[in-house]
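Chemist: These are the residues of each chain, in order.
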Amino acid sequence: MGVITAIGRRIRMEPRELADALGLGAILMAITCSYTLVKVSRDALFLSVLPARALPVVYLIVGVITLALAWAFGRLTRRWSPLRTLIGGAAIAAAVLAAFAFGFRSRQPWMPMAFYTWVNVYGLLLTSQFWIWTNSVSDPREARNIFGIVGGGGILGGLIGGIAAATLASRVSLASLALAGAAVLGVMVMVVALAVHRGQVRRPEEPPPVDDRPPVPLARVPYLRWLALVTLCSVVVSGLLDFQLRTVVQRLDPSVAGLTSFFGRYFVVMNVCALGLQLLGTRWFLERFGAPITAGFLPAGLAIGAGATLVAPGFWPVLVTRMWDQVARFSIHRTTTEVFYFPLHADLRRRAKSVIEAGIERVGDALAGLLILGLGALVGIGPHRLAGVIVAVVAVWLFAWWRVRRGYVRELARHLRQVGLTRDPGRFSLHDRGALQQLVRTLESPYERVVLQALDMLEEHAPALIARRLPALLEHPSPSVRARAVAMTGARADAADRERIEPLLRDRDARVRVQALRAWVGLGEGRPVETLRPFLDADDPGLRAAALAGIVEHAGDEDLPRVRALLEERLASGEAEERVIAAEAIGARPAPSPFEDLLPPLFEDPDPAVRRAAIVSAGRVQSREHVPALIGALADRSVGHAARDALVAYGDKAVGTLGDWLVDPSVAIEVRRLIPRVLQELPSPESVAALFRPRETSDVVLDYRVLKAANHLRNADGALAFPADRVYEAIERDVRELLGAEIHARSHADADEPAERFLLLVLRERRAHALDRVFRRLALIHPPASIFAAWRGLTAADGRVRGNAVEFVENVLDAERRPLIMPLMPDADEEARLELARTRFDLAPLDRHASLARLLEGDDAWLRAAALYVIGRRRERALIARVESNLESTDPCVRETAGWARTMLAGGATR
Amino acid sequence: MNATMTLIEKTVFLKSVDVFAEVPSEALARLASRAAEVRCDRGEILFRDGDEDRGLYMVVEGHIELRKAGLVVRRLRDGMTHGELFFDEEGPHRTTAIAREDTLLLNLPRTELVDALLEYPEVGLAMVKDLARRLHTVTQRLIEVEAELLRRGSASPVRPGEAIEPAVTAPQPTPAASEVPKQRGWWRRRSSRAARRAVG
Chain A
1 MGVITAIGRR IRMEPRELAD ALGLGAILMA ITCSYTLVKV SRDALFLSVL PARALPVVYL
61 IVGVITLALA WAFGRLTRRW SPLRTLIGGA AIAAAVLAAF AFGFRSRQPW MPMAFYTWVN
121 VYGLLLTSQF WIWTNSVSDP REARNIFGIV GGGGILGGLI GGIAAATLAS RVSLASLALA
181 GAAVLGVMVM VVALAVHRGQ VRRPEEPPPV DDRPPVPLAR VPYLRWLALV TLCSVVVSGL
241 LDFQLRTVVQ RLDPSVAGLT SFFGRYFVVM NVCALGLQLL GTRWFLERFG APITAGFLPA
301 GLAIGAGATL VAPGFWPVLV TRMWDQVARF SIHRTTTEVF YFPLHADLRR RAKSVIEAGI
361 ERVGDALAGL LILGLGALVG IGPHRLAGVI VAVVAVWLFA WWRVRRGYVR ELARHLRQVG
421 LTRDPGRFSL HDRGALQQLV RTLESPYERV VLQALDMLEE HAPALIARRL PALLEHPSPS
481 VRARAVAMTG ARADAADRER IEPLLRDRDA RVRVQALRAW VGLGEGRPVE TLRPFLDADD
541 PGLRAAALAG IVEHAGDEDL PRVRALLEER LASGEAEERV IAAEAIGARP APSPFEDLLP
601 PLFEDPDPAV RRAAIVSAGR VQSREHVPAL IGALADRSVG HAARDALVAY GDKAVGTLGD
661 WLVDPSVAIE VRRLIPRVLQ ELPSPESVAA LFRPRETSDV VLDYRVLKAA NHLRNADGAL
721 AFPADRVYEA IERDVRELLG AEIHARSHAD ADEPAERFLL LVLRERRAHA LDRVFRRLAL
781 IHPPASIFAA WRGLTAADGR VRGNAVEFVE NVLDAERRPL IMPLMPDADE EARLELARTR
841 FDLAPLDRHA SLARLLEGDD AWLRAAALYV IGRRRERALI ARVESNLEST DPCVRETAGW
901 ARTMLAGGAT R
Chain B
912 MNATMTLIEK TVFLKSVDVF AEVPSEALAR LASRAAEVRC DRGEILFRDG DEDRGLYMVV
972 EGHIELRKAG LVVRRLRDGM THGELFFDEE GPHRTTAIAR EDTLLLNLPR TELVDALLEY
1032 PEVGLAMVKD LARRLHTVTQ RLIEVEAELL RRGSASPVRP GEAIEPAVTA PQPTPAASEV
1092 PKQRGWWRRR SSRAARRAVG
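Protein sequences appear in the order of chains A and B. Using our numbering, the letters of the first sequence map in sequence onto residues 1 to 911. Using our numbering, the letters of the second sequence map in sequence onto residues 912 to 1111.
Looking at chain B on its own, in the form it has when it is part of the complex (with noise of 0.2 Å):
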């Protein structure tokens, strides 16, 4: 666990990933050789809700857990990815990440993941049925709250006649991504930031 991953480490375990199973090896090991090793001690927040945004965590080993609110959004075990889906290219973190185990993660620039989804389209794909198997088991589980809600004899948050879920306006375009930054220094600071941070 103390060790530090190897190249082909990185690659051999990208390539578990569903989001990058697609995508060559050789391919695959250029994008870890920009994946940074983060880890974080049980208990250890990674970031916080509101902190700038440092694009893809892959657990490798270990436990995270996503909180808003107080409420966990989410459980992200071995092989699992947080931050594929985002609003915009320079957005906060959404959500508080914290360890609840001693925790191995890589960490792949939001960049690097762009020029991935752009130059193998079956990333895009697997990220799309994610998001879409996320979207099905977050409505399933919002139908069981309100029937519950219900059956307790509370007010539905979900007014007679209204969509579960509601009318969004359209996004503002993103830039395309020959405009995006390159960031690699300012994210290799940060994600140093992390890790020192990460280690205590």
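For reference, chain A alone in the conformation it holds in the complex (with noise of 0.2 Å):
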């Protein structure tokens, strides 16, 4: 264990991961040396009875046999772990290539052809096998670690089988060879059962369905679509190769014993090429590119491959094509064509790399076929011919690719949102269409209380709806819900209602009658002083308030100087009651107002039911003039929540002063800091104009809530644009201050003291916030559902969900912010963060002195504060200068711990 920790320290990997990375290596390593071996025997074989024209139709028929077994195989192992499909799978195949070995003697004619189909069979089967139970134990990042060995280890096999084949080709019989591949697969076999008896090999962490409901149809799946096609073109493409080079190859030499000898060298070679880029490129390609980019290097090299050979077609342009088709897709190709399952719920991915690499490869191989056949009997086979199609097809998969490249990163996102992660089940929107029919439906109840309480909700959400229940809560058996009834009946002003008003008059309830005639005089029946007058001494507060409301709401203009001397008189009383019941009638009156002039002095009322109400009207009334004063009302705590509903009810009128306080650093930051709070209710570019007028303020908690207050817009409304340059500015500060917060820590990370302790926990939080606020920033940029369920995501306990929030973040990051940004995920390697600090901020480790000279330096008042208590218990005497410079700082906090620090140093506290 000790080496494999060295070398994975060299290489930058968890020991546990090199040895997992190793033991899958070598599983594979098995399968393809077998295989291999093996392949070169067939290819052989069938070379040396058939010619290489027949290949088209051996292709066909191979693909529809590997088409039914894969269903067979797939249907008998459905209940079987992925890692017992595959040790079954192995020594199924051992014992069938062994009954070959015997039965080359029979010299039967059939035996060339059942003995390529088999070979195809099971290389394919049990490679996708060992690749479904691999992605199964892993996830996207750790696959970045681990596949580049993995698929060494196939491509490691592929060369040692491909030398042995070499090799041996000339010295031992066919049989033998293929005696060889069936005990390479028997000792493996063995070797993993033991391995899983000893209970060193890992399970898949992912969980079964947990649900009875019938299987998505693969077909179905947009993104599974466009994979598949992907894969069918490269395998179409791959089999057009194959034959092109075979069939030029075939025309220099076509003795057995020279192709035997070309195609033994050929795998070497090609496997040696695969083997360095595997080990030397692909963990390079994925960091630099990630995987879905790095996925489509294969179709470009070969579009531009099969170009060359359509401009100069001959043997070395062939061989070069067919040879970067083969390096690459068993390297950088197939690790990546891993990852891109990822994102797929366990039961969906296993079925469907089971149905595309056992079932679309074979009707590529098929459909390869038909096109030679096609292209043979059409227009006759050349190199140059085959170039042309193959570019054709190549052009499709680019497409393809391409697809599926936005697929992933969709498909990510909505794996993050269904593990449950951002289902809130509290969350409930009262705009869906059913739910609304079931608060109406409550409109129906004889109890009282939930009939208010569903007209509340209506009203705010769905006023329409309560139009036609009107009616019948004229008649409602409480005095309440009809006296809400006709209030909102009479809101409506239409004469139809007239005869449902009428006999409320007469009602046995005064606050039905009082709504009702409020109600009649609003259409028109009647004058409102003379109907409403008599309730304005009524005992009861709530008559007279409404009286009152209606008589302002529905006077003429001949009685406002008596409405106004109503509204006077009952503002001049000392009962704070009657000040309320006429602050709140002077909002009864729609826009412009007469009597609005009369609010601003009760804003200043020392009661705070006064001040509410007359905040309450203002809402209602709109005047620009009292916007100061509901900004400035924000900060009462007493009447804080009305002012914020009064500005919101003015809309984007208020916006622009909103923005304007905002940014005023004269203005009071109580005040400034619950502005954010006002602009994010009002969705509208104005509000995201306004949340960005204040550069980077000196204030951590005002900045924070406007950031919450963008997220905030950005969720209500995602057509909302926010100015890009100004948010990755500010991840550029946050990237820095987090950096530069773990720097300090790891100066700090062996604290004995509580003081330096609490440093610690400081520079834990600081790094923990300005983490939050990149996340936060990027929602502003990214679809902020999944850029949330990221979030949440990178701190799961399930790795595999940890792995796909990081390779979402990854994959929506352009090339430009991925460097700055992906080094801060909670798996990145330290290493990887250190060297992004100095090499972008000019950030060093530094030693626990030069850590607390550095933050009495800084802006961070907090953090000054938290290391001159640290020096101060401490007693840290070289740094009194320092502290000494603390002692007139702005920040009271900061210079208290000075001036305490100080004495400490000095000897003269003794706490």
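The hints are simulated quantities; they were obtained by calculation from the structure and are not laboratory data. It cannot be assumed that every hint is accurate.
[Said to hold, decoys possible] Derived DMTMM-like pairs: lysine to aspartate or glutamate, alpha-carbon spacing no greater than 25 Å straight-line:
1) B:LYS926 / A:ASP772
2) B:LYS926 / A:GLU896
3) B:LYS1040 / B:GLU1030
4) A:LYS708 / B:GLU1023
5) B:LYS926 / A:ASP750
6) B:LYS926 / A:GLU753
7) B:LYS926 / A:ASP859
8) B:LYS979 / B:ASP989
9) B:LYS926 / B:ASP1041
10) A:LYS653 / A:ASP703
11) B:LYS1040 / A:GLU765
12) B:LYS926 / A:ASP507
13) A:LYS708 / B:GLU933
14) B:LYS926 / A:ASP860
15) A:LYS708 / B:ASP1041
16) A:LYS708 / A:GLU896
17) B:LYS979 / A:ASP717
18) B:LYS926 / A:ASP717
19) B:LYS926 / A:GLU765
20) B:LYS926 / B:GLU1023
21) A:LYS653 / A:ASP717
22) B:LYS1040 / B:GLU1059
[Claimed, not checked] From chain A, some residues computed to sit far from chain B (all C-beta separations above 10 Å):
23) ARG385
24) ALA629
25) ALA865
26) THR897
Cβ coordinates follow ideal geometry from the N, Cα and C atoms, glycine included.
Take the two lone chains and join them into the complex the hints point to.
Modeler: This is how it looks when you write it as structure tokens:
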């Protein structure tokens, strides 16, 4: 284990990961070694008996048979775990190979064909099954680290198998080669079974499906359709290239020994190149470009190679193109293609892989055969004609790859959301049609509280749905409901309601009567002042309030002086209750109200209830003159909510002033901090502009509230655009802060004293908050729900979810931002962060003393205070000059702590 | 013991209190800036049953005994809190608090506690956990006391078939946070008076 740890450290891998990678690589090596060993004998046997032109027919037959066998194998092993299927499949393959080895002696004419088919079947099935298992025990991030080594094992197996075949071909019989292939598989089966028995083999982390719903048909998943098309094109191209090469090679030397020798050397060279690319390049490609981009390299290279063949058909262009196909296919392409399956649910993934790898790939073989046959029948087969077909298929492949690439990011986001991390069971949209209908039905309830609550909710979310139910509510047994219903009926001012309101003028309940009177005068029946005035002196304040509001609302121009007198009389009252009634009534008249000038003095009323009522009325009157007073009232605890609602009621009219106050440093910080909460309720480009007016302020709380409000706006309206340059500028600052905090935290990692532990805690908070802000800002540019799901996924216990989250983040970021943000991911390499800190921000690791000194020079007042606390506690006398420089700080906490620290350093305090 | 706590010391202390353990340190510093130091000499009464409630008390150092009807209800030692669980905003203290040693406390006005509760749900969660733990302890104690009474042949206060926890009517709704009047000035006067009284 010590060697593995040492190697792991050198190649920046966890020892556990490296051990897993080596184990998995060894299994794949055995499978590929066996397959290559047998494949060489298969090709030699086949080509010695049948000409290369028979290959298309063979492709067709093999495709159909493989498809059937793969389907049967999948059905048989459906209930088996991926590992069990792999071991069982390998055992069967070894037994059948051994049977073939003995069967060669019979020299049956069907033997070469049957052997060719079987080698294809088992090679594909075992390789596919191996990757299904590997996929189930890892995640995309781990895949980047270990798949290079695992794939390298596979290539090494091919290399060993090729060398062995080339060496042994002229010395031993083909049966012996087949037997050797069977033996390799047999040994692998025994070793893996033993390791399973000893509990040394990783089990899948994924839980089995928890519901009994029927599985989603694969064809219904667009992402899988594109993935299948990519695979199909890839296999068709590979088949065409294979045929192209064999045709060219057979023309050069058609003898068995010559062909065996050529293909033996070809496989060796190909595997050496693939191994080199796999071990040296795959990880680099994946880290540099990410899996989706890297997956495009193979078709892009093939397009170039096929183009060259088209221009200059001959042995070398064909060989080089086929070589690139095989080298890239078994190295970077294999690894990146595996990553495409990670976002899928385990069950879907397994089914998709079985169908695509064992089914679609065989269909591809068959299609390649058909294409070759069709081409031969129509225009004749030649390298340049094949190259033309290859170019066409590669074009389709590249288009499908582009769609898969886009779909991959979407599927990652969907997977992250689906794992339940972002599901909020308490979140229930009242705008949902079903929910609203349910709410409307509750209006039939005989219970007063239920009906009133439903009215409240419907009035806020879907007032149009109340209208049809109002007639019934006017006859509700509860007076409160009737009063509310008649008030709502009156607000419509519809003459057709006259007959319904009229009986309620004689209602046994005074509250209903006064609301009915109010509605009555609203319909133009009677003079408001005369009709409602008798209720102004009622004992019930509710009646008085309703009557005055009715008068203010419906009074004609000729009555305005009398109404003003009534209002002023109540406003001059020493009774707060009367002032509240008057303040509420002022808001009853639609804007422009002739009484709005009465409101400003009420904003300063000593009684909070009066102030609140005046603010509510201001929200209804919506005069611009009141906006500053309302903003100022935000910080008043007793009326802050009302002020916020009133400002929200103004809509965009208040946004400009809110923005002005937000950037104005002369405004009290308590008020400025509350402005973002108003703006977040007004989703419009103007609100976004207002929130982005202040650059970074010195107030952490304000900055954070601005960011939260921006997130709120983004969630409310996904179409709102945010200034990307400003967002990334802020992200850069956040990353700097995060890395700075991390570097300082490293300096105090072995803190053994409470004050230093507190500093460490503050630094870790700073780091966590900075990362939180980075994601909040990313959500302003990218889909917010998916970014939030990724943010939650990064801290998930399930490694697969974490891996998918990181993979998603990497793929939504553009190449410019990726190096800035990817090292911040929780599972990222610490060295990469340090490197980023050093190269981008000139931040180098510090010792404890230097860290304290640096913190005292920083802009972060809270960190300065925490550092001063450590200095005082630890009696760091060497830092006294820096402590004293903080005695004049503008921050009271820093100033106070500096004074305390100086006393401690002078030995003046014993505490 | 006689020196005044600095803001950062108060913050470090608050971070060690269960209720505030999950609140970010900088937010705690803002809370700490509103926390007043209260000192009680041994034997001094911090507040009496029926006195106006002054919010949350946290023992920094010392020992406070909460008494009701002559019985010791609870003992508060270093890091323990009293007053975070309240029936209503305006209600009086329901126990008498006496210092059993020279004690240093921090006192946080109720409105600040409510603000912290609204801003950081973790505070509420910690309070619920604490309440559940204390309820469990009290229930256990009640069962023990009842068993002891039965053993001595005394009549149990809990009648057969009756639950230990009696049915309670729904309390009056607490006013919304926004409606909580700002009492900083009021509180400051009270707390300084309390501090003066505590000093003697």
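Chemist: Compare the structure with each hint and give your call.
Modeler: Quick rundown of the hints versus the structure:
1. Distance check on the hinted pair: LYS926 of chain B and ASP772 of chain A sit about 21 Å apart at the alpha-carbon level, within 25 Å; holds.
2. The suggested pairing of LYS926 of chain B with GLU896 of chain A holds, with an alpha-carbon distance near 19 Å, which does not exceed 25 Å.
3. Taking the CA atoms of LYS1040 of chain B and GLU1030 of chain B, the gap is near 18 Å; set against the 25 Å cutoff, the hint holds.
4. Distance hint between LYS708 of chain A and GLU1023 of chain B is fulfilled; the C-alpha atoms sit about 22 Å from each other, no more than 25 Å.
5. Note on LYS926 of chain B and ASP750 of chain A: the hinted pairing holds, with a Cα-Cα distance of about 20 Å set against a maximum of 25 Å.
6. Restraint check for LYS926 of chain B and GLU753 of chain A: the C-alpha separation of about 15 Å stays at or below 25 Å, so the hint holds.
7. For the hint pairing LYS926 of chain B with ASP859 of chain A, the CA-to-CA distance comes to about 23 Å; that is within 25 Å, so the pair holds.
8. Simply put, LYS979 of chain B and ASP989 of chain B have alpha-carbon atoms about 21 Å apart, close enough for the 25 Å limit, and the pair holds.
9. Restraint check: the Cα-Cα separation between LYS926 of chain B and ASP1041 of chain B comes to about 16 Å, which is no more than 25 Å; the hinted pair holds.
10. In summary, the hint linking LYS653 of chain A to ASP703 of chain A is supported, as the alpha carbons are separated by about 24 Å, within the 25 Å threshold.
11. A hinted pair counts as satisfied when its Cα atoms are at most 25 Å apart, and LYS1040 of chain B with GLU765 of chain A qualifies at roughly 24 Å.
12. About 61 Å separates the Cα atoms of LYS926 of chain B and ASP507 of chain A, which puts this hinted pair outside 25 Å; it is violated.
13. The hinted pair formed by LYS708 of chain A and GLU933 of chain B meets the criterion: a straight-line CA distance of about 20 Å does not exceed 25 Å.
14. At most 25 Å may separate the alpha-carbon atoms for a hinted pair to count; LYS926 of chain B and ASP860 of chain A meet this at roughly 20 Å.
15. Of the supplied pair hints, the one linking LYS708 of chain A and ASP1041 of chain B is violated, its CA atoms being roughly 31 Å apart against a limit of 25 Å.
16. Distance hint between LYS708 of chain A and GLU896 of chain A is unfulfilled; the C-alpha atoms sit about 31 Å from each other, more than 25 Å.
17. Taken as a hint, the LYS979 of chain B and ASP717 of chain A pair is broken in the structure, with Cα atoms around 56 Å apart against an allowance of 25 Å.
18. Restraint check: the Cα-Cα separation between LYS926 of chain B and ASP717 of chain A comes to about 38 Å, which exceeds 25 Å; the hinted pair is violated.
19. Taking the CA atoms of LYS926 of chain B and GLU765 of chain A, the gap is near 13 Å; set against the 25 Å cutoff, the hint holds.
20. For a cut-off of 25 Å, the pair hint linking LYS926 of chain B to GLU1023 of chain B stands: about 16 Å separates their Cα positions.
21. Among the hinted pairs, LYS653 of chain A with ASP717 of chain A is consistent with the structure: their alpha-carbon atoms are about 19 Å apart, no more than 25 Å.
22. Proposed proximity of LYS1040 of chain B and GLU1059 of chain B is contradicted: the alpha carbons are some 29 Å apart, above 25 Å.
23. A cut-off of 10 Å between C-beta atoms confirms that ARG385 of chain A is not in contact with chain B; the least separation is 70 Å.
24. With 10 Å as the threshold on Cβ separation, the claim that ALA629 of chain A sits away from chain B holds: the shortest Cβ distance comes to roughly 17 Å.
25. Not every C-beta of chain B lies more than 10 Å from that of ALA865 of chain A, the closest at about 5 Å, which undercuts listing it as non-interface.
26. Against the 10 Å criterion, THR897 of chain A falls within the reach of chain B, whose nearest CB is about 5 Å from its own CB.
In terms of the numbered hints stated before, the structure departs from hints 12, 15, 16, 17, 18, 22, 25, 26, listed from lowest to highest.
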